[in-house]
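Two chains, two frames, a set of hints: combine them into the complex.
As given, the protein sequences belong to chains A and B, one line each in that order.
204 is the number of the first residue of the first sequence in my numbering; add one for each residue after it.
381 is the number of the first residue of the second sequence in my numbering; add one for each residue after it.
Honestly, the hints are just simulated from the structure, not real lab data.
A quick note: this is a predicted structure, and the numbers were derived from the prediction, not measured.
Cβ atoms here follow ideal geometry from the backbone N, Cα and C, with glycine treated the same way.
Where hints are given, some of them may not hold.
Chain A stretches covered by chain B per the calculated footprint, using a threshold of three residues with CB under 8 Å from any CB of chain B [as the list claims (entries may be wrong)]: (1) 240-251; (2) 273-280; (3) 435-441.
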Amino acid sequence: MALTKVFTRPDSLRDLDFHFCPGCHHGTAHRLICEAIDYHGIKKKTIGIPGVGCGVFLYNYFDLDVCEAPHGRAPAVATGFKRVLPQNIIFTYQGDGDLGSIGMSEIIHTANRGENITVFFINNSVYGMTGGQMAPTTLPGQKTTTTPYGRDFRTEGYPIRMTEMLAPLEGVAFAARVSLHTPSQVKKARKAVLRALDIQLKNGGFSFVEFLCACPTNWGLSPRQCIEKIDKEMLQAFPLGTYKDRQGS
Amino acid sequence: MSERKILRGCVALAEGAIAAGCRFYFGYPITPQNDIPEYLSARLPQVEGVFIQAESEIASINMLLGAAAAGARAMTSSSGPGISLMQEGLSYMAGSELPGLVVNITRIGPGLGGIAASQGDYRQATRGGGHGDYHLIVLAPNSVQEMYDLTIKAFYLADKYRNPAMILSDAILGQMKEPLSLDPPPLVLPEKPWALTGARGRKAQLIKSLYLADGEMEQHNWHLHEKYRRLEREEVLVETDLEEKMEVLLVAFGSCSRMVHSAVELARSRGIRVGFLRPVTVYPFPRQALREVSREVGKVLVVEMNTGQMWDDVRLSLYPGCRAGLLARPGGGIPAPGQILAEIENLVKAGDGIDESVYQA
Numbered sequence: 204m205a206l207t208k209v210f211t212r213p214d215s216l217r218d219l220d221f222h223f224c225p226g227c228h229h230g231t232a233h234r235l236i237c238e239a240i241d242y243h244g245i246k247k248k249t250i251g252i253p254g255v256g257c258g259v260f261l262y263n264y265f266d267l268d269v270c271e272a273p274h275g276r277a278p279a280v281a282t283g284f285k286r287v288l289p290q291n292i293i294f295t296y297q298g299d300g301d302l303g304s305i306g307m308s309e310i311i312h313t314a315n316r317g318e319n320i321t322v323f324f325i326n327n328s329v330y331g332m333t334g335g336q337m338a339p340t341t342l343p344g345q346k347t348t349t350t351p352y353g354r355d356f357r358t359e360g361y362p363i364r365m366t367e368m369l370a371p372l373e374g375v376a377f378a379a380r381v382s383l384h385t386p387s388q389v390k391k392a393r394k395a396v397l398r399a400l401d402i403q404l405k406n407g408g409f410s411f412v413e414f415l416c417a418c419p420t421n422w423g424l425s426p427r428q429c430i431e432k433i434d435k436e437m438l439q440a441f442p443l444g445t446y447k448d449r450q451g452s
Numbered sequence: 381m382s383e384r385k386i387l388r389g390c391v392a393l394a395e396g397a398i399a400a401g402c403r404f405y406f407g408y409p410i411t412p413q414n415d416i417p418e419y420l421s422a423r424l425p426q427v428e429g430v431f432i433q434a435e436s437e438i439a440s441i442n443m444l445l446g447a448a449a450a451g452a453r454a455m456t457s458s459s460g461p462g463i464s465l466m467q468e469g470l471s472y473m474a475g476s477e478l479p480g481l482v483v484n485i486t487r488i489g490p491g492l493g494g495i496a497a498s499q500g501d502y503r504q505a506t507r508g509g510g511h512g513d514y515h516l517i518v519l520a521p522n523s524v525q526e527m528y529d530l531t532i533k534a535f536y537l538a539d540k541y542r543n544p545a546m547i548l549s550d551a552i553l554g555q556m557k558e559p560l561s562l563d564p565p566p567l568v569l570p571e572k573p574w575a576l577t578g579a580r581g582r583k584a585q586l587i588k589s590l591y592l593a594d595g596e597m598e599q600h601n602w603h604l605h606e607k608y609r610r611l612e613r614e615e616v617l618v619e620t621d622l623e624e625k626m627e628v629l630l631v632a633f634g635s636c637s638r639m640v641h642s643a644v645e646l647a648r649s650r651g652i653r654v655g656f657l658r659p660v661t662v663y664p665f666p667r668q669a670l671r672e673v674s675r676e677v678g679k680v681l682v683v684e685m686n687t688g689q690m691w692d693d694v695r696l697s698l699y700p701g702c703r704a705g706l707l708a709r710p711g712g713g714i715p716a717p718g719q720i721l722a723e724i725e726n727l728v729k730a731g732d733g734i735d736e737s738v739y740q741a
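Next comes chain B alone, as it looks inside the complex (with noise of 0.2 Å):
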């Protein structure tokens, strides 16, 4: 039976990894992430599990890197320039093939930028990020349910394809409370033969990402790219809530997600005809489905907390003739419902004059 329970996101993506069988976590403070490490330094000590307070970000994903290695669930958790910092080991990561789950409670940038929730790690996000033929796979929750959901599910992704995942999350989901339901799938913890426990047994093993002989790099990326079209093809996660006849679809992630549904539902309370597209996994970015519900759509208003990074996404997928707009808020302000059904309206009455513009806010 289901434990319902009203948390803040942070700690629900806590009790998600805890869930998920995570015993080991390794972090560096920086706002407005801090609930996840403080919570996990009283939790893990519960369950046998170990908690470091690292020297940097740097320190961080490469301890996340080893334990990893040695074949445990492990994560990290940082913001904006925290991430930044684990660029190199996510990178390592991803060519030494090695799960394991990095969460970044987003905040606004570039530089020191604000604390403020922003979706402008996008594109760091779901390009790779680090040097190198890679991608992460990326899970963006819209609620404190999806926050400790979504944790176990990254979980079991980063071990089906040894791929470092991370829940793109930001400020409003971190802090936010909400009831949510404490049902986790039953552990099972998937065997690892390639992990390093030392060679007792069986014949010494290495894990590595450097490839000098000629070829071998060659044939490694294409491998780890075989990998990436198998996420596309069966690990895509999409929200829908369309209508027949639809005069515009709005597409948007995350906690703006949220505000955009709202926006959705009093639309049609004036009789616009409006649908309503997540993506969940951001990647692998659900092209197909975007495409195909566009075919039937000639505007798309895309809603984000950044300039337009994901609208890149939606660009590249829609059907041909189909044209999106951005609706962007950059700077930590949050697009309120009316201001999108604003947007929504004057979308409608443009007639098919839509031409990519921004609408700012």
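One chain only, chain A, in its complex shape (with noise of 0.2 Å):
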């Protein structure tokens, strides 16, 4: 009897193991951002630009042109690439300290020109590469390395919300948060980041989607347990859904 092959790796995502912890998101969002690249059928004129964190190592298992950027510069990079090559796809990926910290004004700004590229935003709530240190995104009352009694919103000021922040912006065409802990989430993400390629496709203007993810070894905690605080604690402060979708586009 004959088998079929009913589930494979996307063609952009190259045959490798991840080198992502036990229980990480990274691996689910990068193959996600493959899946939409085929199906829009343009892994050969599209270009990554990974931002500093873990999500660095992007160009190790996508199979596309990938151009390191400097830590928060992603957005910045981004716009060089596109104002050369238009008809390219070009997209970031970045982490929350990345983008929510030392990149804020390049994100800002850059969403705000209408830039028609796409922005991959995950927030894991901490510092994954360098540690285990506060983000941004970093939950009132969590523990991490630099707020090891749990961070004070009084000294240490609040969560910020980037797709909220971002979606009001008149060059936003396209702002979402999803969540990747749960399989129903998954498919939710999957249409996120299908619209935004889609969006950029169009000449639409600036697209970004939101990854709410674990980072189970910084946050001390098994992967099964990082699924619940996802669902109990960072859904509350994070809440998910199309915060602005262009019609028209």
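Okay, here's the thing in structure tokens:
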């Protein structure tokens, strides 16, 4: 009896083992983006620009042209690319420290210019690669290596909600927050990624997808406990949904 | 046939960029270089180019990085404080071997300093400026003509060596008007097979500066080093105006060298045998030329609009036994030819006793 292959690795994703920790959602986000690139048939004209953090190794996994960007500067680098190559598809892939802290200026102004690029934002509420320090998205009370007593909003402020901040800007065509902690949420995330790239393909303007993700190593939790934490705590601080989808684009 | 015009330095530089095929400019306003973005914001759309007023110099340099990685000739311009903000991006560009042009119309530092002309960014420009083991290719014009010519040259050198280049100029050269010939070389844009344009018809490519495996980074730095050694062998530009049996050799760069050359002519009219040497590339520095010339002369006078930054390079280059004094104006003041002449006369009278003195104006 012949077997039919019903599930396979996306063509844009190289056949390599991820270096990510067990329970980390970077791998899922990688897969969803590669699936969407395959779906749109844009592998040969897409250029990826990872920021600095665990996501920088995207260049090992994505079978695409990839350019590293300095910490936080991926949207500016992407702007340079897109203005030279307006027919290509340009995306950045940035963590919460990269995008929401050191790169706050670049993300806001790139969105406000309505640059026709797509930004994938990995929010796991902590600095992963540097070893678990407080991120701008760290939850109140969350312990990190630089908030050992828990994040105190009186001295360290509140988690920044990037999707809500960007969505009202005129230049933004699409802004959504999705999560990767359950299969049904992954399905919704897949749609958001497809839509974001579709908007860029139609020259619709700036598109933004925020992924809520787990960082088991730096949260000090098992993968299963991480899923509970996303469900019980992160969804409260970071409500899911499509905050903007400009019609007619 | 070449076209004659009278242009401001900043405008001549912008036209040089256009003539070199640059169609992408990214920049943030700062005095005294605003003539460049203002002019290009009107000029670039006429040649189907792109002008972006970035949100900061940090964004400017990273837009330049992206445009360069996509294979375009692109540039930014700024002045002192803005150039400081660009150092991270410049280090990444050098590490990733990306060409591009950065123009520094310098002002006085440190800090907010002042907006008058200064040469206080010499060290930052010639040493690299950002973190790590790299250099920029740095050209220092001294006329409006050279603002045009050297800008074109800088784009070609940047592409040839896959390294960012800098025009190190100042407020005097940027603002003054002079006649010049617009006589650009035929436009030749080199092939850039390394550029990222989408992996169509070839394997996916990567532009990066991160090398974590054992020994990779050391190998990468030796590779960059070899490029800088080649620049030092093959690309040095120097202007000299020498005499037989010189009593004193004057060394200066940029706008300051114009005053120095006037002083050299004044000294010669008084019967003093004076030589003149001007580094046109300040990196690579004309070490060999200076060493050879200084063999024939015992005394050198360096004149700079800083506290003696190039003086260090001069002293590293001199023939053993030759000594260099310094006439320095580090605060926006311009060393006048008469003042320089007075120091030349003092040096000549001083016999052999020059002791690497600093002459304060």
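Evaluation of the provided hints:
1. Counting residues of the stretch 240-251 of chain A whose beta carbon lies closer than 8 Å to any beta carbon of chain B gives 5, which meets the minimum of three for the stated coverage.
2. Using a Cβ-Cβ cut-off of 8 Å, 4 residues of the stretch 273-280 of chain A lie near chain B, which meets the minimum of three, so the contact claim holds.
3. Evaluation of the coverage hint for the stretch 435-441 of chain A: breached, as 0 residues show C-beta separations to chain B shorter than 8 Å, against a requirement of three.
Hint violations for this structure: number 3 only, all remaining hints satisfied.
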